Structure formats: C-alpha cells, structure tokens
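K.L.:
Residue numbers (my numbering), protein chains in the order written: chain B, 1 to 280; chain W, 1001 to 1297; chain V, 2001 to 2357.
Think of the hints as simulated: they come from the structure by calculation, not from any bench.
Bear in mind the structure is a predicted one, so any value in this text is a computation, not a measurement.
Beta carbons are placed, not taken as given, at the ideal position from N, Cα and C, and that holds for glycine.
There's no promise every hint is true.
Some residues of chain V that are not near chain B, with every Cβ distance over 12 Å (derived) [unchecked claim]:
| no. | residue |
| --- | --- |
| 1 | A2050 |
| 2 | Q2074 |
| 3 | V2077 |
| 4 | E2276 |
| 5 | Q2343 |
| 6 | D2348 |
Reference excerpt, derived from the structure (chain V facing chain B, CB under 7 Å, subset only) [stated by the list, open to error]:
| no. | residue |
| --- | --- |
| 7 | F2013 |
| 8 | L2052 |
| 9 | I2055 |
| 10 | P2072 |
| 11 | N2083 |
| 12 | A2085 |
| 13 | H2089 |
| 14 | T2091 |
| 15 | I2103 |
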Amino acid sequence: MTPAATRRTNIAGAIITVITVIAAVIWAFPIYWGIVSSFKLEDEVVRPYIELWPEHPTLRHYWFALTQTQIGSWYMNSVATALGVTVLTVSTSLLVGYAISQLRFPGRRALWYLILASFMVPTQVLIINHFVLIANMGLLNTWAGIILPQLIHPVVIIVYKQFFDQVPKEFREAAVMDNASELGILTKIYIPMNWGVTTALSIVTFIWAWNAFLWPFLAVTRTEMMTITVGITQVSDAFGVYYARQLASAVLAGFPVALAYLLFQRRVTQAITLSAGIKG
Amino acid sequence: MIRNARKDTLIAYVLIAPFVAIYGLIFVYPTIDMFILSFQDAPLITFGPQTAEWTGLDNYTRLPGDRRFDTAFWNTAYFVLLSVVPGTLVALAISLGITRLSGRLQSLVLALFFLPYILPVSVVYRIWDWTLNFQFGIAMHLFDTLGIDRVPIFKTSTWFMPAVAFVTIWWTCGFSILLFLAGLRAIPAEIYEAAELDNAGRWTVFRKLTWPLLWPVTALVLTIQLILQLKIFDQVYLFSIGGRPNDNLVMVYYIYQRAFQNDDGGRAAAIAVVLFLMVIVVSVLNFQLLRLAERKT
Amino acid sequence: MADIALQNVSKSFGAVEVIKDISFQVKQGEFVVFLGPSGSGKSTLLRMIAGLESIDRGKLLIGGRECQALAPGQRDVAMVFQNYALYPHMTVRDNMAFGLRNIGMKEKDIAARVADAARILEMDALLDRRPSQLSGGQRQRVAIGRAIVKEPAAFLFDEPLSNLDAALRVRTRVELAQLHQRIAATMIYVTHDQTEAMTLADRIVILNDCRIEQIGTPLEVYTYPASRFVAGFVGSPGMNFLDAEISTSGKEAVATLGDGSRMAMTISVPDGGAYELGIRPEAVQVTTGRGDTTGEATVVENLGDRTLVHTRLNDGTSVIALDGGRSQIAPGDTVTLRFDTSQLHLFDSAGRAYHAD
C-alpha cells in the first residue's frame, strides 16, 4: 500500500473506533438514566428538560422501598430461590455429566438423548402442567414451588460432559494407580480440576434464576412470597405514579446480578459462550 | 483401561438418580401431561384438573376459527421478523467495532453493550417504560427536537411490536455479541495479514474473508435468536400492562390468557402443543440446514 | 524378592490380538527397557503389568504373588506417565501424598516419605508449588517422586522423556540412570528411542508386532541381533543391508554382492543361496588401500569426531561408511570401501540372523 492509502485506512479505522465508543455510551445510557432518575426528587424527575445529574441527590426512594414496601422479603425470596436453583442444577448436572462422560452403563445413550431432547423443548409450553403439578403438590406460594420447574437446564450437563471428556485419561489412570475410589476420582480429581467451569456455570445459573419471570410470576399469588423480579412489576402505589420510586426498586432488583457480572466478567462471558456450544 | 462393568453401572445409577427423579417429575411427566390435557376440557382453577372431560380433537379444531389465536400466531411471526435478523445484524456490526479495540477500552465497551443482557426483564421494562414515557420520557425530548409528534408508544398498536422488538434487541444483543466476538477471535490473524499483502481493502476483506469465515457463528446466532423469540412472553406482558393485551397477544401470552385468565386448561394446552411443534420443527430444520452448510465448507 | 514374571501372557482388543503369548522374567533391581516401534505392544504390555489393561490369558507374578486379577493399586507398582498426569490443582507435596493418603497412611509417615523423596530428587524447594509453576524437567522429577514415595516393588515408566526437549532429555536420562543406581529398585521402562534403551537398560526387551523379538543386554542386541528386525531397529545410523549370494563350504562362506564384488568370511549357515548381508557403518571403512568394493559418495555428513559417508555402489545399493573426523571426501568422489568381515551378519528370508565369527 502507498503511504497515502495507509493513512486513509488509519483515519477510517479511527472513525470506526470513535463511533463504536460513542455507540456504547448511548447503548448504556438508558441504564444510567434510570439510575440517575432514582436519585432525584419526584418533582425533579418530571422537569421538562434534561438534567444529567440530580440537583438534590436523595436516597429517600431507596429508603421508602426498603422500609415501606415488601422488597425485603422479595429479596429474601429471590436469594433463596436463585441459590436453590443454582445449587440443585449445578450439583445434579455435574453428577450426570460425569456419569455420562466417564462411566459406561446401560441406558447411557438413552439418557444422553433425553438431555439433548430437553434442549429443544421450550419450558414455556409446560407452564400449564407445571402449574397443575405444583398446585397438586401444594407448593404454590412456596420456595420449593418456585424452584422445582426451573431445574431444566440441560446445557449445564452438556458443558460438564464436554469438560470431563477433555480431561486426559492419564489422570484417571494415575488416580487408579494411587488407589483412589471412583468417588475419590470424582471429588478429588475431576471436580477440583474443573473448578473454573463450575464457578462460571454457577454464576450464570444464578443470574438466570434471579432473572426468571414467567414461572415465578405464575407460581406465586401472595405478594410477600414474590421474587423481586416479579414483585416490582406487580405491586404499585395506590395513589398516582411515582417514577423515581419505581426506578429505585428496579435498581435494587437489578443490582445483585449487575454486580455479579461486573465482578466475574470473564467467568460470565466464558459460561455464556460455552452454553451456546462455542469453546470460550 | 480395565472397567468393572457392574460397579460402573451401580455408581452411575447412584450419580444420575437425583437428576432422573427431578427430570421425570418436571420434564417428562409435564410434557406427556400437556398432550393429554390438550384433548380435554379442563378448567384449571375453578374446579381443578380432576374434573376434566375428554373432548377429542375439539380443542384443536377450534383453533383455526379463533381470532385471538390468529392474532397471537401472526404477532409472534411479526415479532420474530422484527427482532431476529435486525438483532443479529446489529450484534454483528457492534462486535466488528469491538474486535478492533484492545485492552481496557475493549472490556469497557463490551461491558457497556453487554450489561442490559444481565438485567431482569422487569428492570428492562422499568427502564424503557421510563425512557419512552409519553409525558416525561427522555426519548420524547428527542422526538420533539426531530419534530415528530409524541406518541404513547406502548398504548399504540402500530408502535407496540416494533418498540418491544427494539427493546428486546437492546436487551439480548449482548449474548449474540459474545458469540460473534468468539467467532471473530477464532479467525487466525495470518489470514488478515495475507490479505493485507494482497492489497485487499477493508470492504473486500469483510466480504471475502470475515463474512464467509464467520458464517457458522452467524447461523448459530440466528438459530438461537429464532427459537428464543418464538417463545416471547415477558416483555409483551409487561409492556401491555395498562394497555391493550388482546391486540398484542403472542403465543405464550395466549397460552397464559387461556389457562389462567379464561380458566380453560385444555384449550391452552392445545395452543402449547402447537407452539411446541413449531419450536421442534424450527429446531430440526435449523439443525439440518446447519449440517448442510457445514458439509459445503 | 520382588522380581516380576510374565507367563504365557496374551491379550486381545476385540478380535485383534495385541499381545501374543509372552513370557519373561525381570530380576529384582534390574532395569529393563521395552523397546519397539509404535504399535508393537510395548505400552500395552507395561499397562498390563500396571493393571490398567486386563490380562486375558496367562499369569503375572510380582514378588512371587499372582497379580493378574488384582486392582492396579494393589499390585505394589508405581507408574510414571508420558504426560506425567500431575494433578494440576494440588501442590507437589499433595501430589506425592495423594496415593499414600488413599491407603490410610498416617500423616507423619507420609511427611517423612515425601521429605525422603524430595531429598533424593533434590526438589525440597519445589514442594509447595503447583505443577503449572514448574519447568518440564521439574515436572518430570515430581512424577518420579510420586512413584518413589510409594516405595513400590517396581517402577513403571511409559516413555517418560518424550515430552522434554533434546538437551533436557539427555540430562534427565543420566539422572534416571543415577537414580536407579542409588535406590536399586526394579524398573521397567518403555521407549521407542533406542539411545535411551542402550544407555539405561540392564536388559532390553525388543518387541515387534505384538511379540518379543529378542531379550538381551544392550551389547548383545547390538552385536548379535537375533533377527533382521532387531538389526535394523537398533543402532543409529542403522545397519547397512545388501543383497548377497552365499556359497558355503563348511564354516567358510563367500558372499557375492549385487555389484559383483566378493568377500570371504567365517560363518555357519545351513545352506548357500540368497541372503541379506548386514553390516554396521562402523564396520565399513573408507580406505586408500585395498578394499572390497568401490562406490560413489552421495552425501557426506561431517560430525566432527567422525564422518558418515553415504555411498552408492555400482548396482545402486546404498551403503553408509565411516571415515575419520577430518575426512577430505566430497560428494561425487569415488571411494574404496573395506568391510570388516568379522562383524558381518546374514539374514535369511524368514529374518533369522547368523553372525560371522
């Protein structure tokens, strides 16, 4: 390339970079706008011009949400159910992934096909039957009732199987020579060797469960049993609309997952690319 | 390696037992139950499913003449059209921009684009309900400056689906971006260096190298998006609050309405079966297409 | 004592027989190398001793105890893997202690054994590191340490040096030889590298095509290869092979090479006829005096202390000959070759070997 041509492409490249950065800022702006509005007084919020920073920053909406609404119990419900879904999904999937990857047993193939099949079935179509089932079990409006139907995450098993498949067989052989039992091989070799993927899968499973809407929305009718994701949309003030108050409760609902993402960015992106079948 | 078949089997069964129990209860049984229910007249809430009566194919034969089913079906199709391809193109464009960046700037920009994906749908709903608020929304200032008349977006049928599609793209784009970035990273740098030595311009490089090499990822993103958006419910339900749900029906919404608002489990199950089959057909078709494409390359 | 005996051992993978009726003994304290090309069954044989592969027929005795039906951990052997298989999430110390903890040994005794092994292998400073923080050579040493702490009846090595670079491989080879002298343990070592076999082994077991070709000391297999295969496989550069027509009278024989040259030798073969004549390059001298035949130099490899001269005889046969370190020969030169007839071997069509006196 001639020097002039090189300069031209460099300028074009710089323009693309600038556009990308500006686009990113605009893209995330609604989130900023929602957060910043939640720190404004209600009469500041409805001013007919744009203020990028609150004139009188206030925490009163947060104070209101935490003391005058049921957000506290919703938080509890969300934490409990999301943790329940995460622990149950990850632990059962880990065991199944290990069995399919490392053991030979009758029915192994059938089990694998069942898992692949459940990958294709949309859980949304099962809501009626889940509702009937959970109602018959008397579990509506309980944590267990919220958790149970959310345990269908075949992708976690698939990722585990892939990772266990990739462990060189010499490790198993070395452990066998070292007198380790099958359980010992699983708990002392295979699980610790794959802590990374367990962390990543746990974080995203937690985020998925925290964010779940449809099923927790159906399974709970009593406001004090709602998860926060559902609760903030179902209960509104009796007198008029308080925008800043609504936004403050939304910020509270989104905060834990956003924090989890910002703390474990690499793990989250790894787990998500893995869940789509791409090696991260 | 030596294996003790009986011991292997025993251990395996112990390991898979909890999973099989859970899956039997919440996946296999409900799936079969869905088909059974779809041939019954079964009030869900008022009498309980035990009062169900067999009605043969009734629930299915009533679907073609059902205006709400019609709305739900076409709205779903419309939504898929509005969200899948545009969403994929936006994600591709963004990831091409991000992949040029490096270091801290890249992680920062990626985080800004990805953050919405991590948020619960109800938070997304609150943010955009506020941003697009008819009276006080910041987007309306933009409308004013551009000289467009303000509209109550989620209360207007023509605006509803495009607006929900727009919000959905904003919300879920991060996922597709990640896949595209992984795909772009998998293309070896030597290929671009070789192209540079061959004096290929930016556009040629994209058309002749990046696009074809990225096609498997693009196909994957399209597939995932397609199946995901067929199942849309949350956003449509939330943005319809205080609006006109009957105009905005989508498949899952209609299942919900039939089952829980009209107390008609049988007809709801029939709609569920239709959606179930749609998703299966799309998945299988997609899978075959992907395999065909793989064989070609 | 802990000697190892295999008696009529066989194994099949499905319909394919991979070990065919093998018997031999390893003496206490002996260093035995299984040498052979890939697919010869040497690794399978080692894994059968370890217990990682089943023994379909025959017996395995370790220290007089029948072991073919025992689990790997109960055979009192330790194995060093090709890729080491060091548990990446454990420190060096824990890697070595893992097997001892599994048999319920007291922590105090474990600590003593680990300390001992670390001293023998001079890696006290590495005990609290993880495998990812070690160099290739150090990992190799940890892998051996993991075997040493078990104080096994025998050490099994599966191509342990093949993951190291050339310089390190030579150094580790020497260290292994020293280790063997120091702890005087029974060792069985699998490799396809004949230099490792020659330098390390008390005895070499040469395997080809699922059976034993020859068992002997390094010098025996080098000097008196039992078959055409062994002759070709051992030694670098490899033995020269030439077609020859043999006529015999008693213990005296005359060989006629393809280019018409003849040479006499003392050798006992049952009949005259077509044989393959084998001779190592160091027994073929480039000479200025009278020789057995002449050839054209095609490639000259000067190794400093000696020179390998690749030559082509009149009939096109290739022969590698040895010359001194300061060889003046250039490609294209015609050279005279003298064969040391006391180092000749003859191989019949079945591959059986006869050695000249």
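K.L.:
Are all C-beta atoms of chain B more than 12 Å from that of V:Q2074?
P.N.:
8 Å, violated
K.L.:
Please check whether V:F2013 passes as an interface residue: C-beta within 7 Å of a C-beta belonging to chain B.
P.N.:
It is violated, given that the least Cβ distance between V:F2013 and chain B is near 15 Å, above 7 Å.
K.L.:
Holds or violated: is the Cβ of V:T2091 closer than 7 Å to a Cβ in chain B?
P.N.:
12 Å, violated
K.L.:
Using the nearest Cβ pair, does V:N2083 come within less than 7 Å of chain B?
P.N.:
Hint on V:N2083: holds, closest Cβ of chain B at ~6 Å, below 7 Å.
K.L.:
Was the hint right that V:P2072 lines chain B, CB cutoff 7 Å?
P.N.:
5 Å, holds
K.L.:
Once the closest CB in chain B is found, is it more than 12 Å from V:A2050?
P.N.:
It is violated; V:A2050 is separated from chain B by about 7 Å at its closest Cβ, not greater than 12 Å.
K.L.:
Can you verify the interface hint for V:H2089: is its Cβ closer than 7 Å to any Cβ in chain B?
P.N.:
4 Å, holds
K.L.:
Regarding the assertion that V:E2276 does not contact chain B, is the least Cβ-Cβ distance greater than 12 Å?
P.N.:
41 Å, holds
K.L.:
Was the hint right that V:L2052 lines chain B, CB cutoff 7 Å?
P.N.:
Result: holds, 5 Å to nearest chain B Cβ.
K.L.:
Test the statement that V:V2077 is away from the interface with chain B: the closest C-beta pair must be farther apart than 12 Å.
P.N.:
8 Å, violated
K.L.:
Is the Cβ of V:Q2343 farther than 12 Å from every Cβ of chain B?
P.N.:
43 Å, holds
K.L.:
For the hint on V:A2085, does the least C-beta distance to chain B fall short of 7 Å?
P.N.:
The hint holds - V:A2085 has a Cβ within 7 Å of chain B, the shortest such distance being about 4 Å.
When the structure is compared with the earlier hints, violations turn up for hints 1, 2, 3, 7, 9, 14 and for no others.
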